[in-house]
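Novice: Read top to bottom, the protein sequences are chains Y and E.
Here my numbering is used: the first residue of the first sequence is 455, the next is one more, and so on.
Here my numbering is used: the first residue of the second sequence is 144, the next is one more, and so on.
Accuracy of the hints is not assured; some may be wrong.
Distance condition first, Cα-Cα at most 16 Å in a straight line; then the derived EDC-like pairs of lysine to aspartate or glutamate [said to hold, decoys possible]:
hint, chain 1, residue 1, chain 2, residue 2
1, E, LYS192, E, ASP211
2, E, LYS303, E, GLU223
3, Y, LYS656, E, ASP619
4, E, LYS541, E, GLU589
5, E, LYS277, E, ASP259
6, Y, LYS657, E, GLU532
7, E, LYS363, E, ASP259
8, E, LYS399, E, ASP417
9, Y, LYS656, E, GLU251
10, Y, LYS735, E, GLU524
11, E, LYS399, E, GLU600
12, E, LYS399, E, ASP619
13, Y, LYS657, E, ASP523
14, E, LYS306, E, ASP361
15, E, LYS269, E, ASP286
16, E, LYS306, E, GLU403
17, Y, LYS657, E, GLU524
18, Y, LYS656, E, GLU546
19, E, LYS431, E, ASP395
20, E, LYS536, E, GLU546
21, E, LYS162, E, ASP361
Taking CB as the label site, the calculated pair distances span [said to hold, decoys possible]:
hint, chain 1, residue 1, chain 2, residue 2, range
22, E, ALA323, Y, ASN840, 54 to 60 Å
23, E, ALA235, Y, ALA676, 57 to 63 Å
24, E, MET442, Y, ASN577, 46 to 52 Å
25, Y, VAL788, E, PRO394, 51 to 57 Å
To be clear, the hints were calculated from the coordinates, so they are not data collected in a lab.
Just so it is clear, CB atoms sit at the ideal spot from N, CA and C, and this is done for glycine as well.
So you can see what is in the structure, the chains are spelled out below.
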Amino acid sequence: MSAFGSALNYLAGQLRQIGLFIALIAIIIFFQVATDGITLKPINVSNLIVQNSYILILAVGMVMIIIAGHIDLSVGSVVAFVGAMAGVMITQWNIPWWLAIILCLILGALVGMWQGFWIAYFNIPAFIVTLAGMLTFRGLTQITLQNEQISPFPTQFRALGSGFLPDLGGGTSFLEPLTVGLGLLATLLLVGQGIRARLARKKYDVEDEPFAWFLTKLVFTAALILLITYLLASYRGTPIVLIVLGVLTVVYSAVMARSVFGRHVYALGGNLNAAALSGVKTKRVTFQLFINMGVISALAGLVFTAQLNLANPKAGDGFELDAIAAVFIGGAAVTGGIGTVTGAIIGGLIIGILNNGMSILGVGTEYQQLIKGLVLLAAVAFDVYNKRRSGGR
Amino acid sequence: MTTNILEMRNITKTFPGVKALQDVSLAVQRGHIHAICGENGAGKSTLMKVLSGVYPAGTYEGDIVLEDQTVEFKSINDSEAAGVVIIHQELALSPYLSIAENIFLGNEQQKNGWIDWNKTNLEASKLLARVGLKDNPITKVMDIGVGKQQLVEIAKALSKEVKLLILDEPTAALNDEDSAHLLDLILHLKGQGITSIIISHKLNEIKAIADEVTIIRDGKTIETLDMHSDQISEDRIIKGMVGRDLESRYPDHTPKIGEEILRVENWTVHHPLDHERKVVSNASISVKAGEIVGIAGLMGAGRTEFAMSVFGHSYGHNISGKVFKNGTEIKTNTVSAAIENGLAYATEDRKHYGLNLIEDIKRNVSLAALGKLSRAGWVDENREVVVAEGFRKSMNIKAPSVEALTGKLSGGNQQKVVLSKWMFSDPDVLILDEPTRGIDVGAKYEIYGIINRLADEGKGVIVISSELPELLGICDRIYTLSEGRITADVPRDQATAEYLMQHMTQEREKDHA
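Looking at chain Y on its own, in the form it has when it is part of the complex:
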C-alpha cells in the first residue's frame, strides 16, 4: 500500500474522532460569523467556560459510568441536594466554607455508595436505581431547604464557581501574565507529552499514526490552547473552575487510558462475562464507579451553587440529560465499552456553544431544544452508520 493510501486508511479509522473535532470547529466558525464575532469575544469565551463548567464536570463522571454499561439519571438531583446541604452548613450551621466543601464531597461519596450498593450488589439496573435517586434526592433537597432559597454565600466559596486566579498584571497589563504563563506551560506539556508518547511507540514499533497527521493534530491543539489563553488573558484571566476542569480531565483521561481501574471499566462495558471470568471484580468496580460519580456530582453541585450564589430547590434540573447527551455526542457507545473523557468534554463543549450561540442570536428556547435533540440524534446515528459500514457486529 502506498504511504498516501495507508495514511488515508488511518484517517478513515479515526473518522469519529476527526468528525467530532471538525464538528466543534465548524460550529464555532458558524456562530462566530452568524453573531458578527461575538462568540469569540474574550468575555463570551470566559462566560462559556464558566457557565458550562458543571455540565463538563458531570460529563467526566458520566462517561465512565456509560463506558461501564450503566447510566446515572440522579446527578441533577444530587447537584441540588449537595448545593442545599452546602447552604445549610455554611449559613445555618456556621461551618467554615472549606470544611463545608470537604463535607459535601464526602456526602457525594455516601450518595454514590447508596446507589452503587443497589446496583452492584443487589443487581438492580442502574436506570431504575438512579431514577429512584433522581426522585429521592430531589425530595431531600426540598426537605433540606424547606422549599426556600439560601443566599448569599461567602466570597471564598463563590470563587469556586465564578472566581478568577489573581491578576499578576495588577489589572493594567494588556494580557494577564499568570494566564499567559499557564497557557504556555499547558502547551509545552501537551506538545512534550505528545512527542514523548510517539517516540515510545516508535521504540516498541507500534506506531501507525502518519507523521503528517500527528503534526497537524499537535499544531492544531497547541494553536487552540494558545487562542483560548489569549482570549482569557485579555479579559479577566483564568477562571478557577477551568483549573478544576483541566485537572479533572487530565487525571481521569489518564485513569481511563492507563490505570488498571480504567481498564477494568472498559472490560466491564465491553463484555461483562468475559471480564468476570478474567478475574475482574465486577461488582466492586461498579460500586467504586458510582462512588466516584457521587463525588463528581457533589463537586458540580458546589461549583453550580457557588456560581449562582444561591442554593435553590429547583437547581440542577435536567443536568443529567445534558451530561448524558455530551457523553453520547462525544462518541461513547450506548452498549458500553467505548468512549473517552476528552470525547465527553468536546461533546459538552458542542452543547455549550450551541446554547451560547443560539442565545446570542436570540433563538427561542423551544428551538434550542429542538436543535440540540437533532444534534444528539445525528451524532449517534453517525456512529451506528459507521459501525454498520465497517462490518461492525
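With chain Y held as given, fit chain E onto it using these hints.
Specialist: What follows is chain E alone, placed relative to chain Y:
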C-alpha cells in the same frame, strides 16, 4: 402414494468455509418414529433447520419432498403451514404468558381482530387433554415445570395440525419421570398417525421408541438402521456415530508426567435456577503435572458447568466439594482466588465469555494478569505491547498488529488470543473448554501443538471436548461424564471411541445395577 411422508434428497448446505451437510438423504415413513443420531456438530440440527425453513429454500442444494410433492420453504411459517413443526431443545415459550396464550401465540383465536378468550381457553384445554396435561390453560408458563412446558410445546404443535413433528433433544432437560411420560406421549401420537423425527443422544430412549435410526457423521448420512428387523444394539449405533478414520491430525507427543498437581473431590453443583437439580454430582478428578486429561461428555452432561463451578464458582448454586493443589486444599470461591491459585479456564464460548470483541488484542491478552504489567495501579502500556507482540509471534496470531480488534479475527485466531491471555497469567493448571470449536483444521493442529507445549512446561491441562477423536488424539487420560457424574477414568492405551461413548451415554439406573 408412497409410504414415505418425507424424503430429503442430496441435501448440501455450505457455510462460509465449511460444508455442514454434504449429500445428505433422509427418508421418513408415514406414521413412524424416526431417530437421528450423531455426535455434536455432525449436522443433525442443520439438517432439521433446512427441513423447517430456518435456512430458506435457495440457501441449500437438494430437494425436500413432503407427501410426494417437492416443497420449498421460505420460512418457518411455510413449513408449519405444511404441517412440519419443530420443537427446539431451548423451549420457545414466553414465561409470563398463560399456557393458552402460548399455544396460540402467532395463531390467535380471534374475531375481527379481537381475541376470543373463551375459544382460546376451550381449545387449549382440548389440546392439553391430548398431551395428558390437566393444568388450567390460564396458568402462566413460568409456574409449571420444564417437563410440562415441553408438553405445552407439543400441544402448540398439535394446534397447527401437525403431520410431522420434529423434536430436538426433547428429554435433555427432563428428569426420568418426565422423560418417560414424554416418550409415552410420542408413541401415543404415533397411534394417532403423527410422524415424529426425534434427535437424541440417549440411545436407550431411541431403542425404546424409534422405528428407524439414521446416523449422520461429519455432515454425511452414514446409514439408516431398521430397529425392528435388524438386531440393533446400542453398540451398533455408537459404532456408526464415531467410526471415522483417525488420520494424523494430531501432533506426536511424548508425555512427561510428574506428581499430582490438582485434585477435585466430591464436587457437587446444583442448577442456578432449579435448585433441586444436581448438574454435577459427586465428581472427583485429578491432574498430574505434564498431563493432558480429557473430559468427554455429551451435550448437557455437565462438562462446562463442572469446569466453571470449579473456576471461581462462576456457575451454579449450592456448590460443595474440595479442591487440592499439590496436596493442599485451596479456595476457588472467586475467579480472582482461582487465578491466584494458579487456575485458568478458557471458555467454550469465546464471543460471550472469552473476549472483549470491541477491544484490541493486547488489552484482551493482558486483562487476566494486569497486575503483572502495572505498578501502583498504573499499566505500563509499552511493556503491554511487548508482551502481546511476543504472544502474537509465538502463537502465530494472524493480525496486522496487536492493536487489531479481536472481533475482526477469525475463530482460530480469537482462540489463540484467549489462550495467550491465560498463558500470560502463568497458571499451573489450564482448563480448556472446547478449545477447537468452530476452528478450521489447520488452526486445530496449531492449538494441539500449543496444548502439548503447555504440558511439556509441567502444567496440568484439562481438555473438555465433544469430539472424541480429538480427545483420543491428544489426551493421556480421559474421564467420561454422564448426567453430571464421572462414569469412567480411562488411560490412553485403553481408550476407544466405542468404550468412551458407552460410558458417556450410561444412564443412572445402570450405574446402580
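Novice: Determine for every hint whether it applies to the structure shown.
Specialist: Taking the hints in turn, this is what the structure says about them:
Note on E/LYS192 and E/ASP211: the hinted pairing is violated, with a Cα-Cα distance of about 20 Å set against a maximum of 16 Å. Distance restraint check for E/LYS303 and E/GLU223: the Cα-Cα separation of roughly 7 Å lies within the 16 Å cut-off, and the hinted pair is therefore satisfied. Between the alpha carbons of Y/LYS656 and E/ASP619 the distance comes to roughly 46 Å, so the proposed pair goes past 16 Å and is violated. Of the supplied pair hints, the one linking E/LYS541 and E/GLU589 holds, its CA atoms being roughly 12 Å apart against a limit of 16 Å.
Between E/LYS277 and E/ASP259 the CA atoms are separated by roughly 22 Å; this puts the pair beyond 16 Å, and the hint is violated. In summary, the hint linking Y/LYS657 to E/GLU532 is supported, as the alpha carbons are separated by about 13 Å, within the 16 Å threshold. A threshold of 16 Å between alpha carbons decides the hint, and for E/LYS363 with E/ASP259 the separation of about 48 Å lies outside it, so the pair is violated. With a C-alpha separation of about 43 Å, the suggested pair E/LYS399 and E/ASP417 falls outside the 16 Å cut-off, and the hint is violated.
Proposed proximity of Y/LYS656 and E/GLU251 is contradicted: the alpha carbons are some 66 Å apart, above 16 Å. Taking the CA atoms of Y/LYS735 and E/GLU524, the gap is near 21 Å; set against the 16 Å cutoff, the hint is violated. For the hint linking E/LYS399 to E/GLU600, the alpha-carbon distance of about 9 Å falls within 16 Å, and the restraint holds. About 10 Å separates the Cα atoms of E/LYS399 and E/ASP619, which keeps this hinted pair within 16 Å; it holds.
Taken as a hint, the Y/LYS657 and E/ASP523 pair is honoured in the structure, with Cα atoms around 14 Å apart against an allowance of 16 Å. A threshold of 16 Å between alpha carbons decides the hint, and for E/LYS306 with E/ASP361 the separation of about 29 Å lies outside it, so the pair is violated. About 20 Å separates the Cα atoms of E/LYS269 and E/ASP286, which puts this hinted pair outside 16 Å; it is violated. A distance of roughly 57 Å separates the Cα atoms of E/LYS306 and E/GLU403; the hinted pair therefore is violated under the 16 Å criterion.
Taking the CA atoms of Y/LYS657 and E/GLU524, the gap is near 12 Å; set against the 16 Å cutoff, the hint holds. As the CA atoms of Y/LYS656 and E/GLU546 are separated by approximately 14 Å, the hinted pair is consistent with the 16 Å bound. With a CA separation close to 20 Å, the supplied pair E/LYS431 and E/ASP395 exceeds the 16 Å bound. Simply put, E/LYS536 and E/GLU546 have alpha-carbon atoms about 14 Å apart, close enough for the 16 Å limit, and the pair holds.
Only pairs whose Cα atoms come within 16 Å are accepted, and E/LYS162 paired with E/ASP361 is accepted, the gap being roughly 9 Å. Checked against the hint of 54 to 60 Å, the pair E/ALA323 and Y/ASN840 passes, with Cβ atoms roughly 56 Å apart. Range check, E/ALA235 to Y/ALA676: about 60 Å between beta-carbon atoms, so the 57 to 63 Å window is met. A C-beta distance of roughly 29 Å is found between E/MET442 and Y/ASN577, which places it outside the suggested range of 46 to 52 Å.
Taking the beta carbon of each, Y/VAL788 and E/PRO394 are about 46 Å apart, not inside 51 to 57 Å as hinted.
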